[in-house]
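Chains as they are written, first to last, in the working numbering: chain A, 595 to 906; chain B, 16 to 454; chain C, 1164 to 1451.
Honestly, the hints are just simulated from the structure, not real lab data.
All C-beta atoms, glycine included, are put in the ideal place defined by N, C-alpha and C.
Worth double-checking, as some hints may not be accurate.
As the list claims (entries may be wrong) - Restricting the straight-line Cα-Cα distance to at most 25 Å, the calculated cross-link-like pairs of lysine-lysine (DSS-like) are:
no., chain 1, residue 1, chain 2, residue 2
1, C, K1303, A, K651
2, B, K435, B, K195
3, B, K249, B, K195
4, B, K175, B, K385
5, C, K1303, B, K344
6, B, K392, B, K405
7, B, K137, B, K349
8, B, K78, B, K375
9, C, K1303, A, K659
What the hints assert, rightly or not - Simulated restraints on C-beta separations:
no., chain 1, residue 1, chain 2, residue 2, range
10, A, G662, B, D444, 24 to 34 Å
11, C, H1221, A, A714, 26 to 36 Å
12, A, V752, B, R123, 49 to 59 Å
13, A, H742, C, S1384, 35 to 45 Å
14, B, T176, A, D664, 54 to 64 Å
15, B, G104, C, S1225, 42 to 52 Å
16, A, V752, C, R1338, 53 to 63 Å
17, C, T1223, A, F670, 48 to 58 Å
18, A, P817, C, L1185, 22 to 32 Å
The residues making up each chain are set out below.
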Amino acid sequence: MTADVLMKHEPTATVGRRRRIAEANGPAYLMLIPWFVGFLCLTAIPMAASLYLSFTKYSLLAPPKWLGLDNYTYMFNGDYRYWPSLSVTAFYVFTSVPLSIAVALIVALGLNRKMRGIGALRSVYYLPSLLGGSVAIAVMWRQIFGNHGVVNSALALVGITGPAWLATPQSAPWTLVFLHVWQFGSPMVIFLAALKQIPQDLYDAARIDGAGAWQLFRYVTVPILTPIIFFNMVMQMIVSFQAFTPAFVISNGTGAPTDSTLFYTLYLYVEGFSNFHMGYAAAMAWVLLFIIAILTAIAFGTARFWVFNPDA
Amino acid sequence: MSDLKLNRKQFLRMGASAAALAALSNVLGPVSALAADALSVAWWGEGDQNKRTGEALKAFTAKSGIATDPQGTNFNGYFDRLATQVAGGNPPDVFQVYLANMAQYAARGTAADLGDLLGDGKAIDTSDWSPAAKDSTGLGGTNYFVPLGLSTQPAIIYDKTLLDGLGVTLKPDWTLAEFKDTCQQIGKALSKSKQGAEAFGCDDFGGQVPVLEAFVRSKGRNVFTDGGQLAMTKDDLTEWYELWNEGRTDGWVVPPQAQQQGGFEATALIRGIAPFAVAASSKGLQGFQSLTKNDLNFNPWPRYSGDSERIELVTPVEWMVISSSTARKEDAAKLLSFLVNDEAAITAMGIAHGVPLSAKMRKQFMDGGKLSPVELKIYQNVEDALPHSKPRVIFPAGSGPLLGPGSNLLTLLNQQIAFKQTSVQAAVDRFFSEAARNL
Amino acid sequence: MPEVPTPSIWRIPRTSTTIAVLLVIGAILMLYPLLWMFVSSFKPEDEIFTDLSVIPQHVTASNYPEGWTHLASPFSVYFINSFIIAALAIVGNLLSCSLTAYVFARLKFRWRNVWFALMLMGIMLPQHVTIIPQYIIFNKAHLVNTFAPLVLPKFLAVDSFFIFLMVQFIRAIPRELDEAAAIDGCGPFRTFLFVILPLCGPALITVAIFTFVWTWNDFFSQLLYLTSDRTLTVPLALRMLSSSTGESTSTWGALFAMSCLSIIPLLLIFFFFQRRLVEGIATTGLKG
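The following block holds chain A by itself, in its conformation from the complex (with noise of 0.2 Å):
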């Protein structure tokens, strides 16, 4: 379904002078064989297993006893812990998200233009992604974040006591937002990239009919940028709603203070691992693909009244 829709929406520049092209059935098979054998050994195999294990009671360490659908009644209703870590996690992408890309669109701006050490900047900007969920991150995060940390002693100087941010339920869940946006890295080069595809000549046509630094923004750029916007956004929504190292570091696995940093993929990981209760987690996982694949298939629906195409 999905595919559908995004073969649908490829640019169609080529369809006119396109012909078409016999079905090459064999050559097409022969050359996806490597994609082929990965695909079923190293995803299709291990997703039906989980779709089987999701059905089970499995505690990794006996074998899975048949449930039925024991497991998906108990994730709706019967698991308080459930709710809150879906709805934190759809807090993170629906604000991480947007957030981060826009950052990553302001500072792509600033950064595309000839400049000594215009490199190095870059560099400095993509540096934060570069370093991951690494350890050393967590913890300078907890100390960035805390009591008594930068981000408080910045704030005393124009006289506001911040709380130590990731200790109450309210502030936490927005330190790992910032984690996010910190770490726009990716989304940024795509959007240089993108900036430079901008045809000079567009920029010039609009300066002549008396277009302004802030029109020329807003009625050249935004506008050709919408299919780059359009795919990080969908990106970024699908590995963000898998987000879990960063709430794992951080938290050192416990989506404290109460659940509030307990990402769904983190949940479930402690479920499945910590808990025994591989089952479920299983399930907990399906269900995620399910809301990931509708969120995708809307996105790609609502596309054609916002993402400019070029071919249309």
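Given the structure of chain A, go ahead and fit chains B and C onto it with the hints provided.
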């Protein structure tokens, strides 16, 4: 176009150099031919424990001629890998377990029955061991576990420099009421000495399993029954949560919004805002002491009231088991015997897992003059506590979600109470209903 | 390589200076947390957490030699292992993802859309639940505790993200080239090898760099499959230096020192390739 060709050339060059690297190291075959017939030993260790355990294993190989394949990692990740290895049919020959999940590994048949290997005069000789060690090897009458060392758990670790400065001395047989008073006074005095900056008696221990255990035991009960059910009553847990609620209200406990996440480095003790911390004595004192210049010392968890006795818990913090599927049980037993009974191994392992299991060995080390002052304090602390120690019941399978590592219900509920998201009453009910579901 | 002319939205010089200044300030803010780590790597152990300022009271370089030699093997072993895995992963991804992407982008075959959808679905399932079945497969194949489980999948095109990226890129290459090749008698595979692949240079660089960074930082699968000391990689070694529960004599200084060193390869790679990386994506025709 020429640019692109250049890129392609570079691409090929990258490929070629990678292939050369690969050929060099012959990586696609088993990396170490030795590993195939070496005894695999998995453990978690933090800080310098990994190095020390590795050295002990080397000493074993040197002595016995049995090759080992050391598989150390740190706590986060260790159990995920272990569970995956077990589920995948590839468990290590010998692996480390601990309180919250050892029953799980024993009950599911993953850990070997050590009946013919462990005991007085057997391969893993227990004849010199202190009762505190002997008491902790079994579950339901079968021996599975080999303790790695003894610690008091929990030990209260306090900042002696700070208390001396305030003119406070602690009594080893203090009561809970005295503990609360001391916390309150120190918090105030400390705050005063720091020109009104925030200061407290201790961190919020309400979510810490070993401290809850000490509290329940101070009332004369274990947390679990031998049959694997809760021995702790609803009243115990209510009283426990109320204790910390009171501490928050009266201001001697670090309030939730001032807590910091992390390990020892994030405790009120290291941050200098309260003098008390709790930990297993061995790792605790050493770990905390490496992070501060102040002098640290031990005091036991308080007695429940003036007429109750001082009850301590001297116990192993980590155990090793032998995989039930290993073909080399005897070699594994030799290794474990070496690790816990041999002087060379104990010297290599240091204090991280606790002090030696045998009284003879402890005395030998204490008199040997090679211990650091910190190590000597830890040895001394165990000797002081042993006469007051009573055996505990190993946590049953299924206790993980309630009292396990990382994300457990005790901690979650304590936080929810602290942030007023739930009442003590509701929290206690929740705990007991989840216990009924899991145990 | 000449810099492509900047779209001159910000042509007025004064604005330009302001922006340059803002960029530098932003960069300093971005760098602050890393500065903390860098400074901490030069502090004595007992000052790292008791004195939070970025100006150390005592400066010591001993964390570096201490960290380098702290584990059973010197850190050079872990660096080499990480490099080998990353290099092989890059080769694997370059070959397999470009081939697979070519087939999806250019060839028509039955059930293409179904396969494509399945490929994308593969990245929507959290990896934690597929890990055990995968482990069983690799264990049955006697490949545990070798680099194969980390490297082999890359030769089998399991990174859907890159396939998707390459599909987008190949679609932007004019079809006339394929048709010309077909007239010259090239079959699909030769067309891929001699026409499409040479034009993919920048995209391949992109894939290579992202693969390098992601493989270098990967922790979980390396943790599962590499157990013996000689096989450990940099992230695994760093975890062994860290104390997640903090319950032992700490080696934070060594951890920070080695963390700083571990970033250097990433940083060098990015710095030298950033220009190319930008071009690489620019030509992928990510038009959504």
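Now the hints, each set against the structure:
no., hint, verdict
1, C:K1303 x A:K651, "holds (24 Å)"
2, B:K435 x B:K195, "holds (22 Å)"
3, B:K249 x B:K195, "holds (22 Å)"
4, B:K175 x B:K385, "holds (24 Å)"
5, C:K1303 x B:K344, "holds (23 Å)"
6, B:K392 x B:K405, "holds (21 Å)"
7, B:K137 x B:K349, "holds (10 Å)"
8, B:K78 x B:K375, "holds (22 Å)"
9, C:K1303 x A:K659, "holds (23 Å)"
10, A:G662 x B:D444: 24 to 34 Å, "holds (29 Å)"
11, C:H1221 x A:A714: 26 to 36 Å, "holds (31 Å)"
12, A:V752 x B:R123: 49 to 59 Å, "holds (57 Å)"
13, A:H742 x C:S1384: 35 to 45 Å, "holds (38 Å)"
14, B:T176 x A:D664: 54 to 64 Å, "holds (56 Å)"
15, B:G104 x C:S1225: 42 to 52 Å, "holds (45 Å)"
16, A:V752 x C:R1338: 53 to 63 Å, "holds (60 Å)"
17, C:T1223 x A:F670: 48 to 58 Å, "holds (56 Å)"
18, A:P817 x C:L1185: 22 to 32 Å, "holds (25 Å)"
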